[in-house]
Amino acid sequence: MKMSAFFAPTLRSAPADATIASHQLLMRAGYVRKIANGLFAYLPLGLRVRHKIEAIIREELEAIGCLECTAPVVTPAELWKESGRWYRMGAELLRAKNRLDHELLFSPTAEESFTALVRGDCTSYKHFPLSLYQINAKYRDEIRPRYGLMRAREFTMVDAYSFHTDCACLARTYEKFAHAYRAIFRRIGLSVIAVHAHLGAMGGQESEEFMVESAVGDNTLLLCPHCTYAANCEKAVGQRPLPDTHDTHLKDEHAGSDLKTPAAMREVHTPHVKTIEELEHFLHVPAHRCIKTLIYRIDTVPQAAGHFVAVCIRGDLELNESKLEALLRVPSVVLATEQEVYALSGTPVGFIGPVGLAQRAAAAYAARTPAFFPSAAEPASVTSDIPFFSLVADQSVMAMHDAITGALKVDTHLVQVEPGRDFVPDAVADLMLVRAGDRCIHCGAPLYEKKGNELGHLFKLGDKYTRSMHLTFTDEQGVRQFPLMGCYGIGLDRTLASVVENHHDTRGISWPLAISPYAVVLIPIPHTQAPYAAAEALYVQLRTRGVEVLFDDRAERPGVKFADADLIGIPLRVVLSAKTLPRVECTTRCGAHTYFFTQEEASEHIARLLEQLASPESS
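Our numbering applies: residue 112 is where the sequence shown begins, and numbers increase by one.
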């Protein structure tokens with residue numbers, strides 16, 4: 112391709128709203144252009160890179176027997192109502208109506224579409240296992256799109272789904288996809304970390320994310336330096352050692368102990384003491400002797416409230432809201448307002464505790480008013496398993512004895528509280544937010560943090576969608592069963608952007624050869640007859656050998672051509688200069704190597720050099 116006929120407008124400076132390297136460089140080098148906030152157009156260079164990434168993905172997925180098809184981007188609401196996600200997903204779901212008043216949505220994921228696709232034709236065990244994938248546009252109404260392609264409203268996803276008759280088959284296919292995804296990222300020049308992940312609104316049984324380390328990552332990863340444990344902070348499990356408690360203040364009568372107390376709980380006057388920190392100072396106790404109680408509202412439908420959960424956790428720990436959402440199987444929870452807390456418990460924030468709270472909540476529900484508890488508008492099937500109020504506890508609480516907590520009474524706390532004796536939670540689970548320094552549950556080593564961006568996500572969905580959408584098959588005994596599903600996604604745009612984040616310098620992008628828009632940029636200097644004629648001849652020879660060449664035939668100054676070549680990031684720069692002819696100069700984009708070849712041998716040596724650059728040893 113000749114640049115004089117090409118559309119690759121470069122910029123000398125980045126737009127003001129481009130704050131990370133990939134956003135800045137993709138805009139400056141003419142790969143993408145912003146159409147609106149969170150909406151980007153791919154220009155020819157960008158589309159060539161994306162197509163090469165897609166080709167690698169297709170090769171690896173088809174190698175494991177996954178078949179490509181496509182589902183509509185615009186989906187009828189009925190499918191999402193069948194699965195229940197029409198009611199559970201929030202404002203990020205873009206909904207619409209057509210002229211016939213039919214409800215539609217712009218798909219952010221395709222579980223419902225692929226389940227509907229399969230249920231019409233796959234009715235026997237003989238039809239399984241089956242793996243399908245698509246590469247298609249998606250839309251998510253991000254409240255704050257940022258970082259260019261990293262978090263856009265419209266994006267391209269690889270969605271793969273597998274259907275199975277049993278767990279063993281699902282597990283085998285899951286591992287095949289994990290292996291294929293590692294190969295995909297390796298081939299495009301990214302080193303990824305596989306981490307345990309939060310199930311989120313997708314639901315299911317097991318989940319794993321492929322993360323790439325990034326200083327601008329929107330995920331926090333917890334990693335063990337001594338074993339293979341790695342997890343997203345939303346899912347991470349760890350142990351928080353108790354702080355040193357050899358303190359003279361612990362002789363105080365309210366200090367508590369590690370042993371069960373036979374004494375009955377009792378009230379202690381604590382005027383104006385509302386926080387754990389204030390309680391520590393007032394009663395001379397460490398935070399890990401206190402039970403912190405938080406009340407959350409469960410939003411099962413956008414803009415509808417009315418279900419609450421109280422969460423108890425040890426006073427020195429923080430709650431992981433993602434773990435709470437996973438426990439409750441809801442898409443989101445939000446802290447209740449002070450008004451809601453008072454209406455629910457009859458107590459202001461700061462004196463809430465688990466003892467007697469369920470009874471207070473039941474009384475509040477019986478006397479509820481719309482001002483405090485608006486009725487939920489969703490069908491009963493969506494919330495039938497969610498009570499108006501529930502009390503859950505982090506597992507740290509059930510190991511506490513002789514504890515201190517709010518008394519549901521102004522300026523009052525309870526001491527000598529025994530979890531299990533004085534209150535019994537509806538559920539106990541790991542709800543702790545793990546931090547760097549917490550201990551690995553496998554080997555005891557202190558965990559450390561890294562920032563990362565999610566590029567791929569694998570789920571074992573089980574029968575979550577097949578059951579709710581009535582996809583069944585007849586097994587070998589003639590019994591109707593629900594197939595088990597796996598789901599495997601790759602964010603193509605953010606993968607492309609992540610390559611730029613990991614392969615750039617102060618001059619511009621440095622593409623890995625496998626996904627570079629062109630393998631060679633050919634530059635004649637100056638734009639006069641001899642260098643130009645030599646470049647034209649080499650251009651034809653390289654194309655005959657199947658080499659992808661971008662021929663900078665523009666009548667521009669050498670400095671402009673070199674700057675654009677570095678900015679665009681093509682792996683091999685070939686210069687034909689009046690000063691060096693009949694020798695041809697070849698320089699790798701990273702600047703590590705420069706070679707000189709004769710004009711007659713240049714095309715052959717360049718082809719060999721590209722073969723070397725393409726080999727795994729050179730990456």
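Simulated from the structure, these hints should not be mistaken for laboratory data.
Treat the hints with care, as some may be off.
Said to hold, decoys possible - Straight-line distance between alpha carbons at most 25 Å, and here's what the computed SDA-like set of lysine to any residue pairs gives:
no.	residue 1	residue 2
1	LYS113	ALA641
2	LYS561	GLU696
3	LYS113	LYS561
Said to hold, decoys possible - The calculated label-pair distances, taken between Cβ atoms and stated as ranges, are:
no.	residue 1	residue 2	range
4	ARG550	ARG440	25 to 35 Å
5	ALA648	GLU170	30 to 40 Å
6	ALA648	GLY702	50 to 60 Å
7	HIS383	ILE552	55 to 65 Å
8	VAL535	THR386	44 to 54 Å
9	ALA666	THR339	54 to 64 Å
10	ARG255	VAL185	23 to 33 Å
11	ASP252	GLN450	27 to 37 Å
On a predicted model such as this, the values are computed, not experimentally measured, just so you know.
Each residue gets a CB set at the ideal place from its N, CA and C atoms; glycine is no exception.
Now the hints, each set against the structure:
Restraint check: the Cα-Cα separation between LYS113 and ALA641 comes to about 18 Å, which is no more than 25 Å; the hinted pair holds. Annotation: proposed proximity of LYS561 to GLU696 is violated, straight-line Cα distance about 42 Å (limit 25 Å). Between LYS113 and LYS561 the CA atoms are separated by roughly 43 Å; this puts the pair beyond 25 Å, and the hint is violated. Remark: the range hint 25 to 35 Å for ARG550 to ARG440 is upheld by a beta-carbon distance near 29 Å.
For the pair ALA648 and GLU170, the beta carbons lie near 34 Å from each other, so the given range of 30 to 40 Å is met. As the Cβ distance of ALA648 to GLY702 is approximately 27 Å, the hint placing it in 50 to 60 Å is violated. Between HIS383 and ILE552 the C-beta distance comes to about 39 Å, which lies outside the given range of 55 to 65 Å. Look at VAL535 against THR386: about 26 Å separates their beta carbons, and that is not inside 44 to 54 Å.
Checking the proposed 54 to 64 Å range against ALA666 and THR339 shows it holds: the Cβ atoms sit about 57 Å from each other. About 25 Å separates the C-beta atoms of ARG255 and VAL185, a value consistent with the hinted range of 23 to 33 Å. Between ASP252 and GLN450 the C-beta distance comes to about 29 Å, which sits within the given range of 27 to 37 Å.
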